[in-house]
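Sequences are here, hints too, so could you generate the full structure?
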Amino acid sequence: MKKLLAMLLAVMMLVPAFALADDVIKIGVFEPSTGDNGAGGKQEILGIEYANSLAPTVTVGGKEYKVELVVADNQSLTDKAVSAAQSLMGEKVSIVLGSYGSGASMAGGDVFAEAGVPAIGVSCTNPNVTLLCDYYWRICFLDPFQGTVMANFAKELGATKAYVLTMLGEDYGVGLGKYFVDAFKKLGGDVIEENFTEGNGDFAAYINNAVNGGCDVIFSPCATTYAALIIEQAASQGVTFPILAGDTWENSAILDAAKGKDVKVYCSTFFDEKDDSAAAADFVTGYKAWLNADESKKTNNGGNDIVAAVSALGFDAYNVALTAIKAADSADPAAIAAALPSVTYEGVTGAIAFDENGDALKDMAYIKYANPETGAFDFVKTQSVSE
Amino acid sequence: MSEERKNVLRLEDITMQFGGVVAINNLSMEVNEGEIVALIGPNGAGKTTAFNCITGVYEPTNGAVYFHGKPIAVNHPTGKMVRQYAGINGEKYLKEPVVAPSADKITALGIARTFQNIRLFKSQTAFENVLIATHLRRTSNFLTATFRLNRKEEKAMREKAMSLLETVGLKDEADELATSLPYGKQRRLEIARALATQPTLLLLDEPAAGMNPQETDELGEFIVDIKNRFHLTVLMIEHHMNLVMDISDRIYVLDFGKQIAQGTPEEVQRNPVVISAYLGVEEE
Amino acid sequence: MFNTILPYLLAGISVGGQYALIAVGYTLVYGILRLINFAHGDIFTAAGFFMVYLAASLPVGLSIPLVILLTVALGFTVERVAYKPLRTAPRMSIMISAIGVSYLLQNLMWYLTGGLAKQYPGLPGLSGTVQIGPATTKIVTIATPFLTIALVVALVMLINHTKVGMAMRAVSVDFETAQLMGIKINSVISVTFVIGSAMAAIGSMLYFTNYTAVTPTIGAMPGLKAFVAAVFGGIGSIPGAMIGALIIGISENLIKAAGWTAFSDAFTFALLIVVLLFRPTGLFGEKTTDKV
Amino acid sequence: MKKNLRLILSLVAVAVLFFLAWLVEKTEGTQSMAVTVLQKGAVYALIAVSMNLLNGFTGLFSLGQAGFMLVGAYTYAVLTIPMAKRAAVYQYYDGGWVQFTIGFLPALLAAGAVAAVFAALIGLPVLRLKGDYLAIATLGFAEIIRAIVQWDGIGPLTNGSNLLKTYPTLKNIMPGNTVLFTFLVVGLCIGLILLLINSTYGRAFKAIRDDETAAEAMGINLFHHKQMAFVISSFFAGIGGALLAMYQGSLQANSFKSSMTYEILLIVVIGGLGSVSGSVLASFLFIAASEWWLRFLDSEMLIGDFQVPLLAPGFRMVVFSVVIMVVVLFFRKGIMGDRELWELGSRRGAKEGRKKA
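Top line first, the protein sequences correspond to chains G, H, A and S. When we follow our numbering, the leftmost residue of the first sequence carries the number 145, and every step to the right adds one. When we follow our numbering, the leftmost residue of the second sequence carries the number 280, and every step to the right adds one. When we follow our numbering, the leftmost residue of the third sequence carries the number 1126, and every step to the right adds one. When we follow our numbering, the leftmost residue of the fourth sequence carries the number 46, and every step to the right adds one.
Quick caveat, the hints were computed from the structure, so don't treat them as lab data. Be aware that a few hints might be false.
As the list claims (entries may be wrong) - If you anchor each label on the Cβ, the simulated ranges turn out as follows: (1) G:330 with A:1279: 58 to 64 Å; (2) H:461 with S:176: 30 to 36 Å; (3) H:401 with S:73: 53 to 59 Å; (4) G:330 with S:176: 54 to 60 Å.
The C-beta atom is built at its ideal place from N, Cα and C for all residues, glycine as well.
In structure tokens, the structure reads:
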């Protein structure tokens, strides 16, 4: 019995790796498909996959290569991100896209930098992603910008005292929260800051503090898992003042939580499906059709065909990567990295060009409202920091 | 005959109470240098508990233990025990400081013991079992030991352990796993291990348990032999009366935690109280 | 002052009650097998997922008994597969097996659910809100302590007054002797796991009604805290586990009220360590002496 | 004579092993999965051996390893982040309190030392507890340490709950020789632990494991020796934590949870409680299986037109945990039991080399 088992184990260990075709260029997709940020990560992957379905090949050196997406799940955790990133490097990808969630990007960044493989951040907004890593570029706006935008917006809504709630240990939320606090204080507002710990499920007391503290706006950039609980708790305590958050909240989980409740939830994001540019309109119709054609894709999108901003960003990121590969005219990571700084691309989320840190020059955020009646996001306005 | 000898161990009014159960009640005894003293009594009389009080496994509830005239355990009822205390002399030691060093410190002072239900280091060989006990008299610290700056001492430890094994006749079994030895040899191994701590007082807890008469006789000679060779004083618990009567200088008899008799083997043998305790004379 | 503390207090009592229901499973199993059943928290999580999936297609009234049944079946199976073969093995082996089962259950749930948080269905009668003084809270918050006390009392009665209860007590005092006396050890152990799992299932319903996101690893912390509660109260003692759980639930929420959120988990452990140092076997645990 | 021969053979074997590891990196490249497994496996080997010293050799059931790794990792990172990068890393804390940088070697030692100091302080109260109570108390302390490190109040020191990075990592200390570097550090540490285990102190540890009462009766000061084992184990766990940080390239307190300790405990038990070589072997197998060999189970696979069922993200870990359960249930003593690789041929105990008395 034991010997049999031992042999079985030994055989399992020896399952060979499979051979690879030559005419393939690999693009690593470094995203969470599980964990706290899994829902958003999946939407981002969908955008990338859609782009890949439209442009499945790339011509380098006169030869047409098939573009293969290699997906690695970083599980929304910084320590798992390292091994996920390493597995991508082991697959010898030419360039990496992702991740949703700045913490994972920062953790993976080192692996990419050491391997000399460039990475394009899709929706990771923490400044340190690009600042502390020479191989990271990014196509979305940054937290200092986003925090300021939301602070301005809060002020416009007439708020004077904000309750800022973030999760301990989450780089994205903690960072964005601090930028919001700085900006809001500069605008003359008052702030109560609190943290919750990972895995927390009871937000009753937090919401109570917000109410009893005399706050008239809540800002809580955090993963959607907690967002749903926060919204629900706020609704049950009859919170009528607005609840604001960052880009992560643009997710069907938020809509589900807000639906039919008396809450005002706003979030800032990168894209709106009712954007009137031609490229955006094309993308939206094409993407919806693509989603609706496959039930499993729709499930990954949260069970509907609403176009998430991160999907649009994923779409753009893939195309930026292709542009860079073409510009380098090589699948060699080093060549692509050298070509990236000068790449410009007219994407569905706006024009993309990189500054000296590797960040896209984006100066506009879309503010959306989670409509409790329709169960959809309503576009409110675009907002920038210049005023 | 032993009056002029130096006192080694003295128990004064020792009471050991567990909850409401008084295991030893006001026991006083003395062991003098070079003696072999036996502690006998029926099962459950509190003999092993007395050993445990001497060796620091238990802290006596009341009373004092002196080793070479120095207190090694002095206690009086404290805490909850003040109310529960069922022994006597509860106030006698109140003014004394409570002294109760841990078992290892008592061993360091020179008291070594064996166990009634053999407690060898089960994953170790016979040799290693003895070798471990030489650790007590080390001069190395963990750094010098790790970096092997104690080679000389290590060599001496090994030689000593081997010679002790030879003394107890286990040289050929040195590399056997201690627990795979036959019962009698395990008992001898325990004695070798105890000797490796360089004691002046050796406590033997039923050394002859499970032995046949011939083995018991040999053991008796062996005990006398090591006593002389290592200049020991011996206190032992034993049920084999032949052995006790053969080699003991004096005997203490315990029953239900109390000392019921003491004296030379001849005196104890004639003592009617002892006879009734052993034979269980029916009341009325 | 009271107005600000009240919601925390309510949350504390409620979460304490839920910990208590989990803690019962730990304390019973430990009492009999001397095993820290590390997988217990994951069984609690599994109960949450059972409800998520069952309630999606069945009416809640039917789902509730089914969830309990499935959870009990899971607990029973875990015992039979992972612990029973190790009955004679050293304690460390069983403990490792428990850690292995926990690892397996978490990974399995991760795989089967896709690793995303699932929304727990609202349970009628528990999910509604009530107003207590200045605090708004769910009905479950109020119902939990009563339900917990009722269940614990029933359990204590079971253990003190039924034959199987007597067998459980006998086994926990002396495993070997009980076996010699003709008690069917394996069925007693099974009963223990059944009771523990059922309690965990009920606990999970209460817990997730409040905290509606079920993830594969969500049970780890409540599980750990429930175990701490069991140790705190004196492992092996059911009333001890309940009181320990309530103390832990309330104190961790009061810590939050004081603004030390970051330390709410840490405080639980600090409390435990302090208690262990002064009462090494917990508040209501029996003192043991080593036999030499 | 025989003893010397064995020693030489062992050293040669170790040298060959090091050479092979070095060769893997030279042929496969630093980015290959094989190299990753060798790096992480080596780091885990050290941590597992340090835990084995406590759980396997001294018989102390401690679950605090993740806490001491955390302390070591943070000590290392905080001390070595280059001055130029501090402002960016400590972006929310004005560059932080620590305004100097030391080299990676002193920082590695400091990592061990700080972890050891923590262990000494924690050991004072908790080592008086026994068995499972000790386990739960050490687990608790690990969680407390994590909470303190994440606390905003000492954010200027630890960067709170945020990521630490830009400190020297494996790849920029000895570029191209990362495996060799890891193996050297880990090998040295494990060598020291082996020397300790086979010294008179190691024998005392084993005596405590086998029978506390008897050990104490043989004059072994229980608390003193337990404390020693605890502190030394934590010292190496701290260095292991620092190496883990060097391997990962970024560091966050959040990842040092109790599940990490459980993982290491699994490795120790799979390798065999009380076997150093078992822990080392098990570490490499564990890491290789979970990170590399089974990774194909996570993605869909087509063999011809046949879509292999069940393969989906997460399946790898399911299979992996089933394998672990099988090992736990059917190979209770682990790979090595309490023996060492180099004792396999010889009879139990013969290693103590009977000398002429």
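Cross-check of the supplied hints:
1. G:330 with A:1279: 58 to 64 Å: Holds: the Cβ-Cβ distance is about 60 Å, inside 58 to 64 Å.
2. H:461 with S:176: 30 to 36 Å: 32 Å, holds
3. H:401 with S:73: 53 to 59 Å: 46 Å, violated
4. G:330 with S:176: 54 to 60 Å: 57 Å, holds
Of the numbered hints given earlier, the model fails hint 3 alone.
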